[in-house]
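**Q** Letter by letter, the chains look like this.
Number of protein chains: 2
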Amino acid sequence: MTPLDLSARSSQLTAELADQIDDALADDDFEDGPDEVVDDAAASDTAPRMGRKRDHTRDADILAAALDVLSEEGYDGMTVDMVATRARAGKATLYRRWPSKAELVIDAVACLKKTDASAPLPDTGTLRGDLIALIKPHSIEDGEKKLQIMAGIASMLSRSPELADVARAAMVEPRAAINRQLFRRAVERGEISADHDFELLSLLSPSVVTYRTLMLRKPVDREFLISLIDEVVLPALGIPRA
Amino acid sequence: MTPLDLSARSSQLTAELADQIDDALADDDFEDGPDEVVDDAAASDTAPRMGRKRDHTRDADILAAALDVLSEEGYDGMTVDMVATRARAGKATLYRRWPSKAELVIDAVACLKKTDASAPLPDTGTLRGDLIALIKPHSIEDGEKKLQIMAGIASMLSRSPELADVARAAMVEPRAAINRQLFRRAVERGEISADHDFELLSLLSPSVVTYRTLMLRKPVDREFLISLIDEVVLPALGIPRA
DNA sequence: TATATACGACACTCACCAGTTCCGGATATT
DNA sequence: AATATCCGGAACTGGTGAGTGTCGTATATA
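Residue numbers (this note's numbering), protein chains in the order written: chain A, 1 to 242; chain B, 1 to 242.
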């Protein structure tokens, strides 16, 4: 009953995520090779028939389940059994693919990156319009789950540089890149001066949103994001408040 | 050998912290009472002599040790044995005072608040001067440890509202209060307009500093803090960059 | 000095979890 | 259809940590 209960809770968001991961999972480092080695010296007279190839179609579900559990329980609270159950897989199957829980989590977090390259950059003609166009219910909800994952691995980051790198690449860099891009176009448009610390400014809203969610535990809604843009980001860029 | 090793690592910062906690630990909820109950009906003819009172002088050391371990290992990585060893106490002693590890951590984090009410607010005459006067090597180092503690309990915050409240009161509220105060005086001075979202603005630098430390894992030095003030905080308040 | 009490140390129970092994059944290849 | 292989499930091992109980000792009170 509990297993069903758990997998029932894995929302449509998770299912969707699994699909996205699935789509983007062509370029990975699985397929270790030895599976398909046929030139075995001890090959008998009859050509060795192969039964079945490793079922990589489930990898996406497993990674999505891992992210799910990770966001709900945190790194230490997450057990491999939970992930297996939620992915409707056996624990042994997970260990056939990943050597340890730590590696599984690293791969899961890394996969997060491949899921959000979809939306095209808005181009409304003004910086404020672009920034506000980024505020979509989907991205808020999406971000909330990522932040829970962040919280879940926060204490690991100082002990696992690899996880820290992967998390940065998957969660902070994409967002910062979008903001940088928007700022760059605003400069080219002549809307703002080129003389700003864009590196700092592109991390402003991620910082505030993260802090508000994790530490203050207050909701990040459209209204808050707009006041963040109007009260902080734009004034910092030299655009006075309306 | 290991015990000595561990306690040797508990830096002078910890010792200092223990002193501060010690100073401020008059108003607490220990001293459960039953210890001193004398009106026992079964009291024999000879007045019951009391041997020794609970040694509350060690509480500060224990809480400081807990914060120490918490910042290094995170909530789940921290064991009660580690805390006891580092405080040169027995595990049983800890359980005589706190009913569980969770309660111990809550008390430890709560005590963090009592340690930083010391420094007087700077008053340089300008907002920029005040904000920069807040940048002291001590407060940077102090903040770094607090942020490690934050990271260590981050994944707990969504599951333990009590810990979340205590952490907010101990770590974010004091900092925000200082900024609010500085802004208020700047308004009274006529330096900035009263028409700002000071609630948001007072959390700006804590947000950015936290994000930079925990997620980006980059150092927060004086130079960074100054550019944060000059590039973001002051412009957001309507004070243009120099 | 005598005594009650809390102390630090240590051994112990119990539960949980990472990782392993084994098995019956499903499935793709031949 | 036959078979090699992988699958999910479940049992198992080994280690670890929360919480408890005991014991000899230190110490504040009387």
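It should be emphasised that the hints constitute simulated quantities derived from the structure, not laboratory data.
Here the structure is a predicted model, which is why all the values come from computation and not from measurement.
One thing to keep in mind: the hints can contain errors.
List time: in silico EDC-like cross-link candidates among lysine to aspartate or glutamate, alpha-carbon distance up to 16 Å [to be verified]:
1) A:91 / A:142
2) B:91 / B:55
3) B:113 / B:142
4) A:218 / B:173
5) A:91 / A:103
6) A:145 / A:199
7) A:113 / A:165
8) A:101 / A:162
9) A:218 / B:199
10) A:218 / B:142
11) A:114 / A:142
12) B:218 / A:199
13) A:145 / A:73
14) B:218 / A:173
15) A:91 / A:81
16) B:218 / A:73
17) B:101 / B:81
18) B:136 / B:223
To be clear about the criterion: a stretch of chain B counts as covered by chain A if any three or more of its residues have a C-beta under 8 Å from a C-beta of chain A, and this derived list gives those stretches [as the list claims (entries may be wrong)]:
19) 120-131
20) 139-152
Some chain A residues near chain B, calculated using beta-carbon distances under 7 Å [stated by the list, open to error]:
21) 95
22) 154
23) 160
24) 164
25) 172
26) 208
27) 227
28) 232
29) 235
30) 236
Ideal placement from N, C-alpha and C gives every residue a C-beta, glycine not left out.
**Q** Hints first: check each against the structure and report whether it holds.
**A** Comparing the hints with the structure gives:
1. A:91 / A:142: Violated. Residue 91 of chain A to residue 142 of chain A sits at ~28 Å, over the 16 Å cutoff.
2. B:91 / B:55: holds, 15 Å
3. B:113 / B:142: holds, 12 Å
4. A:218 / B:173: holds, 14 Å
5. A:91 / A:103: holds, 15 Å
6. A:145 / A:199: Outside the cut-off at roughly 25 Å; violated.
7. A:113 / A:165: Judged against 16 Å, a Cα distance of about 12 Å means the pair holds.
8. A:101 / A:162: holds, 14 Å
9. A:218 / B:199: The given pair, whose Cα atoms are some 13 Å apart, holds under the 16 Å limit.
10. A:218 / B:142: violated, 26 Å
11. A:114 / A:142: At roughly 13 Å apart (the allowed maximum being 16 Å), residue 142 of chain A and residue 114 of chain A satisfy the hint.
12. B:218 / A:199: holds, 13 Å
13. A:145 / A:73: Holds - the C-alpha atoms of residue 73 of chain A and residue 145 of chain A are around 12 Å apart, at most 16 Å.
14. B:218 / A:173: With a Cα-Cα distance of about 14 Å, the restraint between residue 218 of chain B and residue 173 of chain A holds, given a limit of 16 Å.
15. A:91 / A:81: holds, 6 Å
16. B:218 / A:73: Answer violated: residue 218 of chain B to residue 73 of chain A is near 27 Å, above 16 Å.
17. B:101 / B:81: holds, 10 Å
18. B:136 / B:223: holds, 12 Å
19. 120-131: Since three or more residues must qualify, the claim that chain A covers the stretch 120-131 of chain B is violated, with 0 doing so at under 8 Å.
20. 139-152: holds (count 4)
21. 95: Check failed: Cβ of residue 95 of chain A comes no nearer than 22 Å to chain B, outside 7 Å.
22. 154: holds, 4 Å
23. 160: violated, 11 Å
24. 164: holds, 6 Å
25. 172: With a closest approach of 6 Å, the residue 172 of chain A hint holds.
26. 208: This hint holds: residue 208 of chain A lies near chain B, its Cβ roughly 5 Å from the closest one there, short of 7 Å.
27. 227: Since the shortest Cβ distance to chain B is 6 Å, the answer is holds.
28. 232: For residue 232 of chain A, the interface hint holds, since the closest Cβ of chain B sits about 5 Å away, which is under 7 Å.
29. 235: This interface hint holds because 5 Å falls under the 7 Å limit.
30. 236: holds, 5 Å
Hint compliance for this structure: hints 1, 6, 10, 16, 19, 21, 23 are not met, and every other hint is.
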